[in-house]
Amino acid sequence: MADVTFTVDGKKLTAPAGTLLIDACRAAGIEIPAFCYYPGLSLQAACRMCVVRVEKMPKLQTACTTAVTEGMVVSTETDETKQARKATIELLLGNHPLDCPVCDAGGECELQDMTFKYGAHESKYVETKQHREEQKWSPVVYFDRPRCILCYRCVRVCGEGMDVWALGVENRGVTSVIAPNEKDHLDCEECGMCIDICPVGALTSGTYRYKTRPWEMNHVGTVCTHCGDGCKTTLGVRPTDDGVEIIRGDNRDKSGINGDFLCIKGRYAFDFANHKDRLTKPLIRQADGKLAPVSWEQALDFAAKKLGEIRDSRGGNAIGVIGSNRTTNEETYLLQKFARTILRTNNVDHHRTADYAAFAAALKGHAGREASLRDFLSARAILLLGNDPTNQHPALAWQVRTNVRHNRARIYVANHAEVKLRRQAKAAVDLPADAYASFVEYLAGKDGGFEANDTSAAFRDAIRQEESLLVAFGSEFRGRDILVLVDFGLSLPNTKFACLGDYANSRGAADMGLLPDLLPGYVPVTAAAHFAEEYGSALPTQPGLDLVQMLDAAGRGDLSALYVVGSNPATRYGIDPSALKNTFLIVQDMFLTETAALADVVFPAANLYEKTGTVTNTYGDLQLVKKAADKSGVRTDFEIIVRLADKLGADPKQLVPFGKGVRADFGQTRGAQSGEADRHAVWLAANHLEPKLSPFDPFAILDEIQRLVPAYDVPRLNLLTGNDEHLKSELVQIDASADRRDLVLPSNDLLYTSGTLGRYSAKLTEVVESHTILMKPAEAAAD
Amino acid sequence: MAFLTTHPDVVPLISYRFGKGATSIDKYLELDGYKSVQKAIAMGPEAIITEMKASGLRGRGGAGFPTGLKWSFVPKQSAKPKYVLVNGDESEPATCKDRLIFEHDPHSVIEGTIIAGLAVGAKMGFIYLRGEYRYLLKIMEKAIDEAYAKGFLGKNIFGSGIDFEAISHTGAGAYEVGEESALMESLEGKRGIPRIRPPFPAVVGLYGGPTIINNAETLATVPHIFRIGGAEYAKLGTERNGGTRLFCLSGHIEKPGVYELPMGYNLKKMIYDVGGGIPGGKKLKAVVPGGSSTPVLLPEEIDIGMDFDQVGKAGSMLGSGGVVMLDETVCMVEFALRTMKFYQHESCGWCIPCREGTDWLKKSLTRLHAGGGVDKDIDNIKYLAENMLGRTFCPLGDAAAMPTIAFVQKFRKEFEDHLDGKGCPYHHSLEHEAVLA
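If you're matching them up, the sequences are chains B and R in order. The numbering used here puts the first residue of the first sequence at 79, with every later residue one more than the last. The numbering used here puts the first residue of the second sequence at 290, with every later residue one more than the last.
Treat the hints with care, as some may be off.
Said to hold, decoys possible - Derived DSS-like pairs: lysine-lysine, alpha-carbon spacing no greater than 30 Å straight-line:
# : chain 1 : residue 1 : chain 2 : residue 2
1 : B       : Lys-195   : B       : Lys-134
2 : B       : Lys-164   : R       : Lys-652
3 : R       : Lys-665   : B       : Lys-202
For the record, the hints were derived by calculation from the structure and aren't laboratory data.
Could you build all of it, start to finish, from the sequences and the hints given here?
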């Protein structure tokens, strides 16, 4: 719309006609208070805090419902508006319990801030306040009714934002109260968005309530360790007697890739860190067959000695390495480098949850065709093939819903299941579970044997008429099917793609070369020359064994050692414990998982919230993980790998090419809780000085990644300041064979599960148990 | 207390068929029924609106917005269906005029609705009765059935080629849904909460379609305008206040009831002549001129004509036509409390000033009346009401605030007399709480 010019508090402002006055003012730095107004949700005009004086209007007007018009003259802070706001606050405080000293929101409460600003300091009433008992709505959501100011944000974010509609308003007048539509409990996705959006302390979190005051925590913005969406989560941490504990997860930093959104896992499922079964000491299997705690030195010596012997006697091909979907890019990269240069094996793999290699290959030569998670917020049309984003990619589902609501985006869903996003769809097609590939051929106008009908014909016609399309596909697509799908998409005018995999760094695991045939950046092991040059060491050029082959080889007695980092293949791949009895098994993990229980050496590892590095979400958005918590006894996977290499006699400087300086401080623990390290890093980066001072510094490895994988060569400063950077070019530079074995095994997680890790979250477990009718995960997932 | 009453000054226009059995369509037809709508069909939309503007009819719900003008706001072209809505959610205390219309002349509402539909091109009308009027629904439904049976509703009404459907519906008992946009929410099956405006109903109303919403009396008047002609109708009233309206006299009055009088009729005469004065020779203390939300008038302020402009000039409002007389035995604090109890109970709770303000006003007035008042209470009550006025989401907040401010301003001494633990000097002066019920 055309711009209009208007005056606010004497300032001339310009904004597109139709812009809400409150938005126009905020954009210009003029703060207008509001409780009920929330950008992106429907308008309420209920709190009356945003009243302003508009010339020629008889009454005060609400800035949240007034559109700017040419020549409008507005005053926002006059005696009249101040008095109106003060009176409103006085009324709110009339029944408010004023229990700020114990309230969770004390210190970060909009009602407190407004009272402070408008000075409603006098109690005008002597009658007893209206009191109601607090209610528990779910394991994670509590409602303290008297604190509620009825701004209806929770009702709207649940309904409009989440498409869950679990909340409503009960009664009328002064007895009005927010209530679950299921009377006494929430029938919902337990996302906690209602808590996040509550301007006061009425809605409180089951994990955090009454634990501390906001100012007694440090707040660290990092990336969620669970699904592949890579939401930014802000962890509230405080020191304990054995480290630093996380006591709150929320989305106070709304600048992340997830915008306003955070799901149950990003918000509550950090408690695995304090699980009673957390390993804090290395374990070695003793002569009696039992695992017993030993010192780090003993464990590292023992593991390195055995690995070295096997390598030197039987060669690297007798050793296998299985990596993780949740370690950082730097750790993942380091692991494959360790395997290839020090263990001298290409037997490297991980639990694959999507065929990223095939996707990367299909996009070779098509830079800019991979969609960021952010693109789902603005795409005009989205084709969703397979997957169930509501369960597996909640942030993606949020972006889609928001896009539909704000921009009327057209959503096309083709699925074999009744996925919830169908409610947002303009058109939907039911597919047999095995018909995805033939359906794509059908869309492309080829005869792939798909049984068409009127619905699918209309669907196809609508897709083909779209001028731009975002195609997101699940693990139903692998190998050549992805190529066919991408080719079809590229035949349309302007198409972007997203390949949906399962965990925080599943994408990174593939991109960083945790594959037997491909190096970082999907470079075939047969074309490893420039890697060898950078590494200063020859690399094995024969493709190694994949995960299943390694396990088979172990069963045959052909694999003498297996090094498992942050993965639990024993359950997911149905390994018979006896199959590994002749294999020297090293596992590093947080817990004694089914796999760790079989190990000869177990290293207690840190989790993603206890380290620094980068992760790549399933859309190719790179983000910085910041160390938030700490646990005495555990070490990062990065450090364990470096120390193992050191014990194996390798030169750590060659493995981690950190700076030549003399100040080898063990950077990972340096002041990270206070954010000092981050600020320090920002300062150094701004001055072209990077903190490459330690063999445990992940940035030294990130430097190398950026040299070898051009797509990862994105601006560092933006990452350091907590923003996401979409991989800038296509990943694949060198063609690899298209005929690769399909080893994708989706983990089938639901909203409340997160593989092996999720089982150690007491809160997730409690939620799963409270939802009696909830589908239980079909299989126990890995990682 | 909706008595059928008369007086020589009564002009039986809207009440023309009251008490004559016009609930039956045959009787209605005998009494010139459904002639106006046929006239309107012949005139066409533009001429209908011109006629309405000429009549000077102003909305009888309380705000007094010119009806013809309101109709002219509806866009001619609309992708969505247009609707006519009859606001029969008559809930303003002291108002009982629509009830008589539904009870005695339901067809006039139907006929008026069809004419409004013709004027704006709507094909459907909804007749919404307040929840407490459920017993009138039967009468309304029967009338609608009869009109369908005669072909006055449905396809091709009166052989004109025009279709028009009508449906009646009742609320669930909420004053708030008398507010037009809240009524639409209610009719759509949602909580009775008003909508943000603009857009106004004439552009985006029921189910998102352009909607004409008028008070039941307003629409029941329409056929009579076409019966006698807009100009003739206008002449019955005063300048800019055309025609007659139903006044509901209640409270301390000798002959309570509903009287149809010309707009601009003198209030003093209405009380002492039409209504027969105050019973028992008692002195008049105050008059509520247009339903409980209108500021109270003192005896020295009642020598005014009862039209929107003159009552407005006297500092009150003509409102819904509910005129309440209060004699010298009435405790004004108790009356203010009784009024506030109503608004506190009926506040929908959507916005803060009304939801919280009415409750604190009620609590303060309760305590003050019971003798627990302190000095600052009186100013506090006024402060609260003043800070609600003009600040609420919908006019219900104003409706609660306006009379309260007037009570304190005009009867401050009575409030003060309740202080110092003295309590109410009047004992149960409102012998019948039902005065306002």
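* **Given hint B:Lys-134 paired with B:Lys-195 - CA-CA distance at most 30 Å** => This hinted pair holds, its Cα atoms lying about 28 Å apart.
* To do: Compare the distance between the alpha carbons of B:Lys-164 and R:Lys-652 with 30 Å, and conclude whether the hinted pair is satisfied.
  => The hint holds at about 20 Å.
* **30 Å Cα cutoff - pair R:Lys-665, B:Lys-202** => holds, 9 Å
In the structure shown, no violation is registered for any of the earlier numbered hints.
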